[in-house]
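Chemist: Letter by letter, the chains look like this.
Protein chains: 2
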Amino acid sequence: MGTIRGSREGDPSVAIIFRVVARAPSSLARAGEIITPHGVIQTPVFMPVGTQGSVKGISPDELLEMGAEMVLANTYHLYLRPGADLVRDAGGLHAFMNWHRGILTDSGGFQVASLADLRSITDDGVEFRSHIDGSRHFLTPERAVAIQEALGADIAMAFDECVRYPADRDYVRDAMRRTTEWAKRCKAAHRREDQALFGIVQGGVFPDLREQSARALADMDFPGYGIGGLSVGEPKDLMFEALEHAVAHLPEDRPRYLMGVGTPGDFIESVSRGVDMFDCVLPTRIARHGTAFTSAGRIIVRDAAYARDFSPLDPECDCRVCRSYTRAYIRHLLKAGEMLGLRLVSYHNLYFLIRVMRRIRASIIDGTFKETRQEFGDICGTK
Amino acid sequence: MGTIRGSREGDPSVAIIFRVVARAPSSLARAGEIITPHGVIQTPVFMPVGTQGSVKGISPDELLEMGAEMVLANTYHLYLRPGADLVRDAGGLHAFMNWHRGILTDSGGFQVASLADLRSITDDGVEFRSHIDGSRHFLTPERAVAIQEALGADIAMAFDECVRYPADRDYVRDAMRRTTEWAKRCKAAHRREDQALFGIVQGGVFPDLREQSARALADMDFPGYGIGGLSVGEPKDLMFEALEHAVAHLPEDRPRYLMGVGTPGDFIESVSRGVDMFDCVLPTRIARHGTAFTSAGRIIVRDAAYARDFSPLDPECDCRVCRSYTRAYIRHLLKAGEMLGLRLVSYHNLYFLIRVMRRIRASIIDGTFKETRQEFGDICGTK
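The listed protein sequences derive, respectively, from chains Z and D. Under our numbering, the residue at position 225 of the first sequence is numbered 225, and the numbers go up by one with no gaps. Under our numbering, the residue at position 112 of the second sequence is numbered 112, and the numbers go up by one with no gaps.
Derived from the structure by calculation, the hints contain no laboratory data. Mixed in with the good hints there might be a few duds.
Across the chosen pairs, the derived CB separations fall in these ranges [to be verified]:
#1 Z:I365 x D:I300: 48 to 54 Å
#2 Z:R323 x D:D366: 49 to 55 Å
#3 Z:I365 x D:H289: 48 to 54 Å
#4 D:G337 x Z:S311: 29 to 35 Å
#5 D:I300 x Z:P315: 44 to 50 Å
#6 D:F138 x Z:H289: 57 to 63 Å
#7 Z:A116 x D:A146: 22 to 28 Å
#8 D:G39 x Z:I300: 35 to 41 Å
#9 D:G39 x Z:I365: 50 to 56 Å
#10 Z:D61 x D:E375: 46 to 52 Å
#11 Z:D61 x D:I365: 57 to 63 Å
#12 Z:E375 x D:F138: 51 to 57 Å
Here are some chain Z residues the structure puts well away from chain D; computed CB gaps all over 10 Å [to be verified]:
#13 D61
#14 G67
#15 N98
#16 D124
#17 S130
#18 S135
#19 H137
#20 R177
#21 K187
#22 D194
#23 G265
#24 A305
#25 R320
#26 R358
#27 E371
#28 E375
Small disclaimer: the values here were computed from a predicted structure and weren't measured. C-beta: ideal position from N, C-alpha, C; glycine also.
Produce the complete structure using the sequences and hints provided.
Modeler: Right under this line is the structure:
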């Protein structure tokens, strides 16, 4: 059972403690706990995404109620608006958002790399233009760390370069090397004792590059590791292959975070490959298109088929929305452009993924992970 | 103390009981209770507006938490979408919305009259085109009652013709007479024993027409009375004069509902003239423009002045929003287009008006209404 020393033992680079509490046989799946300055996170964990300091349509009280233990916020967005200094002066992101459980901030690397013709990347950092007002900015590893220290999340991420699929192997290798160099600079720059800094593995879909990246970062002894640059357009089998090669070379006693993934099927397949943490905008994004997760697959509740359906979004769900509202009412709200419709579907979708992850965790602890994976495969068609 | 016999005493036209519990000296202000099939409403009462079966951005749980006792829903909107039959089949509006306290539906008269060139009014009813899809509809007093019976609110309103200010006296007189005839037809058509039907006084800003209208409706013995066609563009002094002439000829032992009004200043001035019930879209509408009620007047929290203001929307407010969030955070959410910003301002604004009304009611009961009215006048500049 791996344990990372806590910050109380004097190492400023480790503000969290990770403990494995159970493992699934014949699999890399494990159930664990991450002790953070804002509570204990039970892993595997799904983290709702609060891009601009708010999980779309959902209040912190509701996140607490649905059992969220950690949320993700985006450094790029908060840096541009309202500004990291303002958040710091508000008492940090926890106080600003009124969310007093765990927060993880990404580094902004993914967003600035996505700006396409609005940015240029060098070994020094990324120059880019704001998507809001076109203003010029320069983000370096040191600056990304300083911003995240001002935001004050429990977990910060090293500045990385995320490459979309498909990409030229040489480019992916260069980006991976740059990410490794940047990780060193981030670690050297990071000061906050109450914040853990994770490195990020890159390397696209190339197993040897994933291995190189993971080894180099493992040598730097981060308290946890992100696995980035996956679920960016590549086929699932390539994603899982790359994931396996990354995990194989990361230390056993540190949490592993698969960034930006995904669906219930992705969760269980990735957990079986040793992943502990996930974030994804899917539940709130599909809600905006009137789509809800259910135990029998997704439904588009906006569809006319649900106009007179007086059953809950998911008859097997016990969330507040499913206990209180019908598909017919939610469809009416969505068709009428009422904000409450979006709120209700978003709430249910987030709850659904949190519950999926809880079920996965419970199955690791009670020894039924294999059966659970089989069931998920049947429903999700991932294997 | 006036009491209307309840439906249990066999009169199908009175499903509610109204009781006056206190009166303010030298004023027509009174504190009362309306006992409905869905709980007791303490009057004077402010009713949040749920036009399409949802108070914009706010859940029924939140309405309960903020102390709302009755909400208004719009017959015109619900008739067009999702349709009254669907709501009836869902178990009525209470079940459909998951709101188990009081509901009042307007008659649709105000909305169809507002459709301008999309409608034509005759003594028989109103022919109009849907604002959604241009489809043709014909609304009569009997149809408006049937729709409201299908919706199943605790209080339904007679079909009326609301005339905007300014308007020709002859037209206002004709519309008032039509409204009186329609009230008779509505009363004759109304069947539901668990629903009260209110008549609506019209007559524009003309005191004699208001008197005629009120007298004619009082003769019909409705269990309560709406006062419509005010706050539609006329100066405040004309509004209050018309209100006084309506109230003077309405029975003392029935609740009086001033439709579509308004602000804290309007509330206390109207209560002092004998009004018991109010509804208004203002709190959620101004929220959409980033404006919040405060004890020191309205603030536009979107303004740059609040960017670094880490105090609550209203430092004197004890609502959940003011206990949890800062102006700076709410401004950020509004600027970033985050739905939560609108939710938080809407919640606070609704709570603010409910609290204002509670304070007015308490002052009637404890004998300080006169002083409270003076204070409101100082803040609101209404007198």
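Chemist: Next, verify each hint and record whether it holds.
Modeler: Hints, verified against the model:
1. Z:I365 x D:I300: 48 to 54 Å: Roughly 52 Å apart at Cβ, these two residues keep to the hinted range, so it holds.
2. Z:R323 x D:D366: 49 to 55 Å: Because 40 Å falls outside the window, the suggested range is violated.
3. Z:I365 x D:H289: 48 to 54 Å: 51 Å, holds
4. D:G337 x Z:S311: 29 to 35 Å: Holds, at about 33 Å.
5. D:I300 x Z:P315: 44 to 50 Å: Once the Cβ atoms are compared, 45 Å apart, the range 44 to 50 Å for P315 (chain Z) and I300 (chain D) holds.
6. D:F138 x Z:H289: 57 to 63 Å: For F138 (chain D) and H289 (chain Z) the Cβ distance comes to about 36 Å; the hint is violated.
7. Z:A116 x D:A146: 22 to 28 Å: 58 Å, violated
8. D:G39 x Z:I300: 35 to 41 Å: 37 Å, holds
9. D:G39 x Z:I365: 50 to 56 Å: 45 Å, violated
10. Z:D61 x D:E375: 46 to 52 Å: 33 Å, violated
11. Z:D61 x D:I365: 57 to 63 Å: Given about 33 Å between the Cβ atoms, the range is violated.
12. Z:E375 x D:F138: 51 to 57 Å: At roughly 55 Å between Cβ atoms, F138 (chain D) and E375 (chain Z) fall inside 51 to 57 Å, so the hint holds.
13. D61: Check fails; 8 Å does not lie beyond 10 Å.
14. G67: 17 Å, holds
15. N98: Per Cβ check, N98 (chain Z) is inside 10 Å of chain D; nearest 5 Å; violated.
16. D124: The claim holds: D124 (chain Z) sits with its nearest Cβ about 30 Å from chain D, beyond 10 Å.
17. S130: S130 (chain Z) is indeed farther than 10 Å from all Cβ atoms of chain D, at 13 Å.
18. S135: The assertion about S135 (chain Z) holds, with a minimum of 15 Å to chain D.
19. H137: 17 Å, holds
20. R177: It holds; R177 (chain Z) is separated from chain D by about 35 Å at its closest Cβ, greater than 10 Å.
21. K187: Correct as stated: the minimum Cβ-Cβ distance to chain D is 31 Å, above 10 Å.
22. D194: 21 Å, holds
23. G265: Fine: 29 Å to the nearest Cβ keeps G265 (chain Z) off the interface.
24. A305: 14 Å, holds
25. R320: The claim is violated: R320 (chain Z) sits with its nearest Cβ about 8 Å from chain D, within 10 Å.
26. R358: 23 Å, holds
27. E371: 36 Å, holds
28. E375: 32 Å, holds
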